[in-house]
Structures are given as C-alpha cells and as structure tokens.
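Visitor: With the hints as your guide, set chains E, A and B onto chain S.
Chains S, E, A and B, in that order, give the protein sequences.
Residues 1 to 89 in this note's numbering are what the first sequence lists, from first letter to last.
Residues 90 to 178 in this note's numbering are what the second sequence lists, from first letter to last.
Residues 179 to 325 in this note's numbering are what the third sequence lists, from first letter to last.
Residues 326 to 472 in this note's numbering are what the fourth sequence lists, from first letter to last.
Simulated from the structure, these hints should not be mistaken for laboratory data.
One or more hints might be untrue.
Said to hold, decoys possible - Restraint ranges, calculated between C-beta atoms of paired labels, are given here: (1) Phe184(A) to Ser32(S): 35 to 45 Å; (2) Phe184(A) to Glu76(S): 30 to 40 Å; (3) Leu221(A) to Thr338(B): 36 to 46 Å; (4) Asp458(B) to Ala143(E): 20 to 30 Å; (5) Lys43(S) to His282(A): 52 to 62 Å; (6) Ser32(S) to Glu401(B): 47 to 57 Å; (7) Leu221(A) to Ala159(E): 47 to 57 Å.
Don't be surprised by glycine CBs; every beta carbon is placed ideally from N, CA and C.
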Amino acid sequence: MQTSITLQIKLFGAFRQFQNGPVTLEVPSGISVAEVKTALWAKLQEIKPGADLALLHASALANSSSVLEANTRLTESQSLAILPPVCGG
Amino acid sequence: MQTSITLQIKLFGAFRQFQNGPVTLEVPSGISVAEVKTALWAKLQEIKPGADLALLHASALANSSSVLEANTRLTESQSLAILPPVCGG
Amino acid sequence: MSGKSFLNVATETINPLAAVDFVADDAHGAADVFIGTVRNHNLGKPVLGVSYDVFDDLTLNVFQALADESRARWGEKLNLYIEHYKGRLDIGGVSIIIAVSSPHRDETFQACRYIIEEIKKRVPIWKQEHYVDGDSEWVQGTSLESR
Amino acid sequence: MSGKSFLNVATETINPLAAVDFVADDAHGAADVFIGTVRNHNLGKPVLGVSYDVFDDLTLNVFQALADESRARWGEKLNLYIEHYKGRLDIGGVSIIIAVSSPHRDETFQACRYIIEEIKKRVPIWKQEHYVDGDSEWVQGTSLESR
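Isolated chain S, as found in the complex (with noise of 0.2 Å):
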C-alpha cells in the first residue's frame, strides 16, 4: 500500500486570489514535482472553480532554498510555494 505525503503549499502573487494562506495537498509519496502542479492545478479549480489557471504553467515549485526541477520526486511531507513569473526591483 502506498504511503501519502501532506505538501503545504504557500501561495505568492496572483495566486494570492484563491486564498491567503497555504494550500494543502495530501499526495502520494514519491509523486514528482510535475505532478504536484496537476494536484495543485485540480486543487485551485476547487477553491476558484472556472478560474483561469494559464499561469500555472509558467509557475515554478520551490523549498525556501531553491526552485524545484520538474522531475524531482518527493518523498517527505513538507513545505512548498508556488511562484508566478517574478517581477522584483
């Protein structure tokens, strides 16, 4: 039987709009970061149905120390944050 992961999620910019504190996804264990934005994806349309999520494909998954390649896979609950194309300066 496979093991379940929690990601809580923190979302930053236009992401904002659904809500202001994080998401939280229970996911199974070993589901890469790809996959993590389909659950997300399915997640948003929930909170916002009909939003418009185009953004998300140009959003990138990071821990506060680094962005998260597509195909990293995730073995341990933990805490993420979905980033828009940034803007700073």
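Guide: Coordinates of chains E, A and B only, in the frame set by chain S:
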C-alpha cells in the same frame, strides 16, 4: 610699434610649488598660446631657478570656459590658467 | 579577506544612507548605489502605488548566491548591501537598494548592474500595481520554470 | 521637458542623501549613484589623506557639458547631480558624488559611468596625496593638451 597685453596666469596642482597666486606676464599682443607657454617657462625658471619644468609640456592653458588651442592668438589682456594633467574623481 | 554583506527584505522604509554607510571601507575608493523607486506610470497607465509580495526565505538565499557570484567575478573584497521592500509603497517609495563598494570603480558598476539584472529574473518577488481607477494588477514577469 | 541639474564644487562635506533626494522624481523609477572616497593606499603606498585642487569656473563648465552630453545620449529627462570636493580630505572622505535618475535603469547606469569616466579625463581637478612619512605628491593625470 607693437602693443603689449597683460596675462594673469593662475597656477594649479603641481605648479602651486612656484607660488600660490597667479603669475603675471607682459607679452606682445597677437602672441600664440604656444608662445605663452614659453614665456611662462621663463617666468617659472626665474621664480625657482633649476626647477624641473617637464610638466609644462603636458600642461594646457585655459580660460574659465575652455582649454585653448596651441595656435590660438591672444590680443587682449586676460586671466588664464595653466593646467597640469588632471586626475579628478 | 572577504568583504561584508547586508542582505535584507525590508518592511520599514529603506534608508539609502544606511546602505552607503554600510559599504564604506577605508580600503575602498568607489561605491555604486542603485535605487529603484515607484514610478507614477507604467506602460502609459497612471499608477498610484505598488504592493510587493516576497517569498522571504528563498529571496535571501538568492541574494546570498548573487553576493557569492559577484565576489567570484569582481573580487572577494566587495562590500555588498542588497535590500528589497515588502508591502505597499506610494509613488517615489524606494523598492530596492543595491550598494557595492570596491577598491576601484569598474567592479562596483559591473557588480551593481549584474545584481539588479539578476534580481529581476531570479528573485521570488511580485509586483501588484494599484491604479487611479481603483483597479489593481499583478505585473507580468519572468518565469522561474525554465531555469 | 528637460530634467534638472545640480552642479557644484563643494568645500563642505559632501552629503550623499542630498544627491539622492535631488534626483528623486515621481516619473523616474531608477537612480544610479557613484561615490568616490579617499582610500588608505595608492599603488601600494599607505595614504593619510588627499588634497584636491580645483579650477572652479572651468570645472563647472565641463560639468555642464557632461550634463548636456548625457541628456543628448540618454534622454532629456535625466536628473543629474554632480559634485566634487575641493580641499583636504581624510581617509573615507567623499571626494565626488554623481547621481543620475531616469524613468528606466539602463540610462542611469550608462550616464553615471560616462560622467565619472569623462570627469577623470576632462575636468581641471588635481589630487595631492599625503603619506604617512610626511611626504606629499601630486598624482599623475591625463593631459588636456592633446584634446
């Protein structure tokens, strides 16, 4: 008979070793800027016999609005400045 | 010996003099300081103010990477001050300050320019513009995905 | 409409904040500030301080020319602050400040860099270094003759 003009020449940078105030030269009207430098050379030798005047070759004569070309001719008494190579900043 | 760094996400008004004072160094003859401020217009549209959203932890990690990269390219001695504002600013408010000092000027200009260009592309910060008509919009940016 | 200029030969301590405040502009999103200070060494020799000799009138004329040239190349809107110290400074003293603001950053970096490079070559200012052993020397510079 040739008229003469009076040039007051301010000394800057390394030329301050000769004196702090301006040097006064009586020169013939129509003198070229290059010739003024020769006259200044003689005057500075007089103030401090044996001084090394190599610096004068690399120095420019100017008025308060611009550096003067060597072949410019002066026909009026005026105030000038002798400018050694610059190093501001 | 390596120079010193001050890297910060500010929630209080950014003070340019603090940056200038921090990088000052008896062995350094030059400092370049870049200051970004909120403009009263963008793409022809009048702007009232800007809110900056910042993922603090990762931002500070990228600031540290930029400091390391700058010292590797322009000398270990560089003193660096990098500070970005988080929260809402009115027109004229300082959103970012970068100060770099070095014994000589060329390194200060190059490193300062490098840091601001990289920040625009690599640091998790987002800008929401507030318009005169009451509307607000998140400014389009550079994707972190392709890196 | 053309931006504004402050061009000065200072005999009082140069204040970086005055430069930053002067160039600030609601329509400008970027400012680059260059600060030159007296280093504690030059060409390997320990330095105690530096005296700057300045031909004020011509210096201000060249500053004005640099302001005009900068606006012609990087935009009429540039706000410019150019100030050089005259007199003696100790280590760390500010000898020059150049601040440039513009709607966008590229122009500020380019104009600021241009102005400091041209000042080193074209402005009638001379530097006398004072050494630990009590000796003093006028620093070699760039001849204005060949121009």
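Visitor: All hints, please: hold or fail.
Guide: Evaluation of the provided hints:
The given range of 35 to 45 Å is respected by Phe184(A) and Ser32(S), whose C-beta atoms sit roughly 38 Å from each other. For the pair Phe184(A) and Glu76(S), the beta carbons lie near 34 Å from each other, so the given range of 30 to 40 Å is met. Restraint check, Leu221(A) to Thr338(B): a C-beta distance of roughly 41 Å satisfies the suggested window 36 to 46 Å. The hint said 20 to 30 Å for the Cβ distance between Asp458(B) and Ala143(E), and at roughly 25 Å that hint holds.
Lys43(S) and His282(A) have their C-beta atoms about 53 Å apart, which keeps the hinted 52 to 62 Å range intact. At about 54 Å, the beta-carbon gap between Ser32(S) and Glu401(B) stays in the expected band of 47 to 57 Å. At about 54 Å, the beta-carbon gap between Leu221(A) and Ala159(E) stays in the expected band of 47 to 57 Å.
Checked against the numbered hints above, the structure violates none of them.
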